[in-house]
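**Q** Below, each chain spelled out in residue letters.
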Amino acid sequence: MHDKSVFQHRLLPYVLVAPQLIITLVFFIWPAGQALYQSFLVEDAFGFSTEFVWFENFIYLLSDPEYWTSIRVTAVFSFWVAFVGMALALLLAAMADKVIRGSRFYQTLLIWPYAVAPVVAAVLWLMLFSPSIGLLPFWLSKVGYQWNHLANSVEANILVIIASVWKQFSYNFIFFIAGLQAIPRSLIEAAAIDGARPFRRFWQIVFPLLSPTAFFLLVVNVVYAFFETFAVIHATTQGGPGNSTKTLVYKVFEDGFIGLDLGSSSAQSVLLMVIVITLTVVQFRYVEKKVQY
Amino acid sequence: MVENRPWLTLTRHILLWLGIAVISLPIWVALVAATHPTSAFVSGILPLWFGDQAVTNLVAVLSNDGGLGVSVSATRMLWNSFVMAMVIAVGKIVISMMSAYAIVYFRFPGRQLCFWLIFITLMLPVEVRILPTYEVVANLGLLNSYAGLTIPLIASATATFLFRQFFMSVPDSLLEAARIDGAGPIRFFKDILLPLSANNIAALFVILFIYGWNQYLWPLLITTDEQYYTIVMAIKRLMTSDNGLIPWNLIMTTTILAMLPPVIVVLAMQKLFVKGLIEQEK
Amino acid sequence: MKKTLLALSVAAGIGQVQAATEIEFWHAMGGALGEKVDAMVADFNASQDDVVVNASYRGNYSETMTGAIAAFRSGEQPDIVQVYEVGTATMMAAEGAIYPVYQLMEEYSNGFDQSAYLSTVTGYYADENGNMLSMPFNSSTPVLYYNKAAFDAAGLPDRGPKTWEEMNTFGQAILDAGYDCGFTTAWQSWIHLENLSARHNVPFATNDNGFAGLDTEVEFNGDVQIAHIDQMAQWHDSGIFSYSGRTSEGSSRFYSGECAMYTESSAGYAGVRANTDFEFGVSQLPYWESQIDQPQNTIIGGATLWTLRGQDDDHYPAVARFFEYLSQPDVQADWHQFSGYLPITYAAVELTKEQGFYANNPGTDVAINQMTSVAPTANSRGLRLGNFPQIRGIIDEALESVWNGDASAERALNRAARRSNEQLRRFERANR
Chain A
643 MHDKSVFQHR
653 LLPYVLVAPQ
663 LIITLVFFIW
673 PAGQALYQSF
683 LVEDAFGFST
693 EFVWFENFIY
703 LLSDPEYWTS
713 IRVTAVFSFW
723 VAFVGMALAL
733 LLAAMADKVI
743 RGSRFYQTLL
753 IWPYAVAPVV
763 AAVLWLMLFS
773 PSIGLLPFWL
783 SKVGYQWNHL
793 ANSVEANILV
803 IIASVWKQFS
813 YNFIFFIAGL
823 QAIPRSLIEA
833 AAIDGARPFR
843 RFWQIVFPLL
853 SPTAFFLLVV
863 NVVYAFFETF
873 AVIHATTQGG
883 PGNSTKTLVY
893 KVFEDGFIGL
903 DLGSSSAQSV
913 LLMVIVITLT
923 VVQFRYVEKK
933 VQY
Chain P
151 MVENRPWLTL
161 TRHILLWLGI
171 AVISLPIWVA
181 LVAATHPTSA
191 FVSGILPLWF
201 GDQAVTNLVA
211 VLSNDGGLGV
221 SVSATRMLWN
231 SFVMAMVIAV
241 GKIVISMMSA
251 YAIVYFRFPG
261 RQLCFWLIFI
271 TLMLPVEVRI
281 LPTYEVVANL
291 GLLNSYAGLT
301 IPLIASATAT
311 FLFRQFFMSV
321 PDSLLEAARI
331 DGAGPIRFFK
341 DILLPLSANN
351 IAALFVILFI
361 YGWNQYLWPL
371 LITTDEQYYT
381 IVMAIKRLMT
391 SDNGLIPWNL
401 IMTTTILAML
411 PPVIVVLAMQ
421 KLFVKGLIEQ
431 EK
Chain V
112 MKKTLLALSV
122 AAGIGQVQAA
132 TEIEFWHAMG
142 GALGEKVDAM
152 VADFNASQDD
162 VVVNASYRGN
172 YSETMTGAIA
182 AFRSGEQPDI
192 VQVYEVGTAT
202 MMAAEGAIYP
212 VYQLMEEYSN
222 GFDQSAYLST
232 VTGYYADENG
242 NMLSMPFNSS
252 TPVLYYNKAA
262 FDAAGLPDRG
272 PKTWEEMNTF
282 GQAILDAGYD
292 CGFTTAWQSW
302 IHLENLSARH
312 NVPFATNDNG
322 FAGLDTEVEF
332 NGDVQIAHID
342 QMAQWHDSGI
352 FSYSGRTSEG
362 SSRFYSGECA
372 MYTESSAGYA
382 GVRANTDFEF
392 GVSQLPYWES
402 QIDQPQNTII
412 GGATLWTLRG
422 QDDDHYPAVA
432 RFFEYLSQPD
442 VQADWHQFSG
452 YLPITYAAVE
462 LTKEQGFYAN
472 NPGTDVAINQ
482 MTSVAPTANS
492 RGLRLGNFPQ
502 IRGIIDEALE
512 SVWNGDASAE
522 RALNRAARRS
532 NEQLRRFERA
542 NR
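Protein chains in written order, with my numbering: chain A, 643 to 935; chain P, 151 to 432; chain V, 112 to 543.
Calculated directly from the structure, the hints in this document are not laboratory data. For glycine and all other residues, C-beta sits at the position ideal for the given N, C-alpha and C. One thing to keep in mind: the hints can contain errors.
[To be verified] Only pairs whose alpha carbons sit at most 27 Å apart, straight line, appear in this in silico DSSO-like list of lysine-lysine:
1) A:LYS740 <-> P:LYS386
2) V:LYS464 <-> V:LYS273
3) P:LYS425 <-> P:LYS340
4) P:LYS340 <-> P:LYS421
5) P:LYS386 <-> V:LYS147
6) V:LYS259 <-> V:LYS464
7) V:LYS147 <-> V:LYS464
8) V:LYS273 <-> V:LYS259
9) A:LYS740 <-> P:LYS340
[Stated by the list, open to error] Cβ-to-Cβ under 7 Å is the rule here; a few derived chain V residues that face chain P:
10) GLY170
11) GLY178
12) SER185
Based on the sequences and whatever the hints tell you, model everything.
**A** And the structure:
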């Protein structure tokens, strides 16, 4: 932090930070502490009997194969959401970047899903994939494939991944376009003069220069897949069939709000916090590096 | 353009149009679905061309809708969403500008502590501390209120972070000049910093408005009184009808209403928004 | 009409500022049912001057229950909350939070007679001595709906399959007639495991299905259940059965004529009648002839009204008065005929009969007959399991893994039983 000229005032700075500080303390620090405390308790729903059990909730979770299934489901889901979303966005961004005429027009048509809520994306795709009236099952049945994501776990995963990717695509697209536009034209021209064909130029020159953007987007996409897709899953598969789409966040909700198992739900929240903090630290490291560079 | 390859240009346009088609497919189907009677969705296949019930459906959704899973009108829910999005956007901008100003332009005991307390919220999305936050809100008696819908979501550090970065990039000479003119901290903020931040504020507003408008889990948990339903969270509830028949036409009408305001905001402020989005993450 | 009543009750409230006691009633009835509840409450408020009930819709069953519990923890609980059947154990275990209905009515109501209520309904919500803990409100039981046009086309008689053995031939005939789906189901765990067990008089869990204590273990992985689920899996492959989802998503497939039969709650009657343009019939839930000669009654689902403690003393006579009103034969008969839920008193059944409702609406008495034709046993009285919402979820997951071919019926049910027992142990631990 460089040394900035500052004002001297005894009271004013406290008044200025107070609103944010109070909200942070009441709605963040305190609940987070509560989550931590409750994760050490076994408690009935009404809070009549409370027993301090140390790490029992964590041990129970980590020795429960279902929890590991949920971790695996989350990992697979996040991978596909990030991979498909970024690959498609990169492809179209590379196309749009090169187009001279109508570039802006294409951009406009491709970025608006950013504004669409995940649950809206989910409902739209749910209708398209509805086994009884959906367009896609109808077309699939023409080629002899019976689509029923309520009974088939692979199909259920495809549904939630498509809906999630559709919503996140625009975000990736905006960043890739910005990344591409920041690459000096002279570099590409030099390569062209050397005789590199467009495809090779992209992989050898453009893509390495985009890798910071790609890394940043990877973290953002993983966080998105972890948390914001709750709405997608809640509105479409509710974790099923089986538990093939039950992600960690959905499980926190299910065990806490439907099952009323506060201890287990809090322990899961704490484990999630650890995961998020790890991701954030990774991201900060990267940001720091970029700043030094 | 480095060189001219007509076939490549053509491929590009085709791919882009293909992408646009896939992106737009759900919207097309939603628009079409919103123009048909419920009976069109019992069996067979979704209609692909417009029907003549658009106005009927719109009126049914906007006035009141006995046939749906909720008994509150979409007009009311749109209003709730609007209030929620506005309070979150404006509230976040105001309190984070204030705290960023204090942290950048003042030296006071506990400054470092405040900094960390605020910035630690960067790390945790509301989803991971949802249960205890719910209890706090319940204990404060804020369930089913606009305050409960908005205030807990204002506690996030991203906006503060952005303003801090921006304030730090403002040249010190401006402050020195203001001092010579005898301006105090409040006048400096009002006359110099605020106008300089206009672009940032506008861009941030778009992002935060969408963030607030699209909230799902939070309103789902803390509103049990239909009068406080937001339109985005209600969509799921519309799908739980009494008799298992999903009124897709009304759901799609509601869906379109739910995405129209944020989409309009994004398209209207496209340039500012894209710039703001990218700068926010730097 | 509703407005007039509201105006009347408001006027009554102003007239007697001192007297009226206001009580809060949280329920989970949305849509048309919610409007009906509002109307019932308005009628009650208009019928007397001492009590004003404020009914409010609080989302689906789990949202309503979670909301009420959270409110209790912060001292803001309603007087009455509607809780679904799987929440019964949780409510029961919270002795300090609930005011058992039999005590409430003994204290504040004269002429309360528990034997006036359908024993198959109250039994589900009674303690080990048979005392009613909550007031039944909306109860239903599974039946089988069939499409008469499809049966006609397939050359089948005008009745549903009486036994599951018969389902084999009926289902095949439907497929042969060109249909893709013989039958589908709503609420698979409730109908095809919980009710299956009751109907064949086999236990779903130890301790009299959990009524006798918290140290219960599930037993739904017995021979009868495994055989049934195994048969269902084979039917799923051949198309006789087709899975539609965990709740009542299958309705639209029956309405559209895609599936010729549908096992669903008796409360689905109104929806079926409103949305089908073909003739349909209702018949009792089939049973396995090979397993039992005379099938047991089925068990109920739905929800009851629980009274919560912690209110001012004058609230409880008011609650009792509201419950008395809800139990009146004409109120019950009206609710039953409107919604398809079971009437909760014998008097309401008689009244509905006298009014000619069953004669005019064939099939509406199937559920009543199925519930009341035999005396319930320990296996068909109901279920009382802790963490039941999670156990339902576990069973749903297990059954789905059978339908999509990932696991055999035996393996899936054994695994589900093991996981369910873990949930029961957790509940026992938290509530001892």
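**Q** When the nearest CB of chain P is found for GLY178 (chain V), is that gap smaller than 7 Å?
**A** At about 5 Å, which falls below the 7 Å cut-off, the nearest Cβ of chain P leaves the hint on GLY178 (chain V) intact, so it holds.
**Q** Please work out if LYS464 (chain V) and LYS273 (chain V) have their alpha carbons no farther apart than 27 Å.
**A** holds (24 Å)
**Q** Would you mind confirming whether the straight-line C-alpha gap from LYS740 (chain A) to LYS386 (chain P) stays at or under 27 Å?
**A** violated (41 Å)
**Q** LYS386 (chain P) and LYS147 (chain V) were given as a pair; does the straight-line alpha-carbon distance stay at or below 27 Å?
**A** holds (23 Å)
**Q** Taken at face value, is the distance from the CA of LYS464 (chain V) to the CA of LYS147 (chain V) at most 27 Å?
**A** It holds: about 22 Å lies between the C-alpha atoms, which stays within 27 Å.
**Q** Is the hinted pair LYS425 (chain P) and LYS340 (chain P) satisfied, with a Cα-Cα distance of at most 27 Å?
**A** Satisfied, since the Cα-Cα distance of roughly 24 Å is no more than 27 Å.
**Q** Next pair to validate is LYS340 (chain P) with LYS421 (chain P); report whether the Cα-Cα distance is within 27 Å.
**A** holds (26 Å)
**Q** So, as I understand it, the hint says SER185 (chain V) touches chain P; can you test that by seeing if any CB pair is closer than 7 Å?
**A** Where the cut-off is 7 Å and the nearest Cβ of chain P is about 5 Å from SER185 (chain V), the hint holds.
**Q** Is the interface hint for GLY170 (chain V) satisfied, with its Cβ closer than 7 Å to some Cβ of chain P?
**A** Holds. Min distance 5 Å.
**Q** Next pair to validate is LYS740 (chain A) with LYS340 (chain P); report whether the Cα-Cα distance is within 27 Å.
**A** It is violated: about 43 Å lies between the C-alpha atoms, which goes past 27 Å.
**Q** Take a quick look at whether LYS273 (chain V) and LYS259 (chain V) sit within 27 Å of each other, Cα to Cα.
**A** With Cα atoms ~15 Å apart, LYS273 (chain V) and LYS259 (chain V) stay inside 27 Å; holds.
**Q** For the pair supplied as a hint, LYS259 (chain V) and LYS464 (chain V), confirm whether the alpha-carbon distance does not exceed 27 Å.
**A** holds (25 Å)
Consistency with the previously given hints fails for numbers 1 and 9, ordered from lowest to highest.
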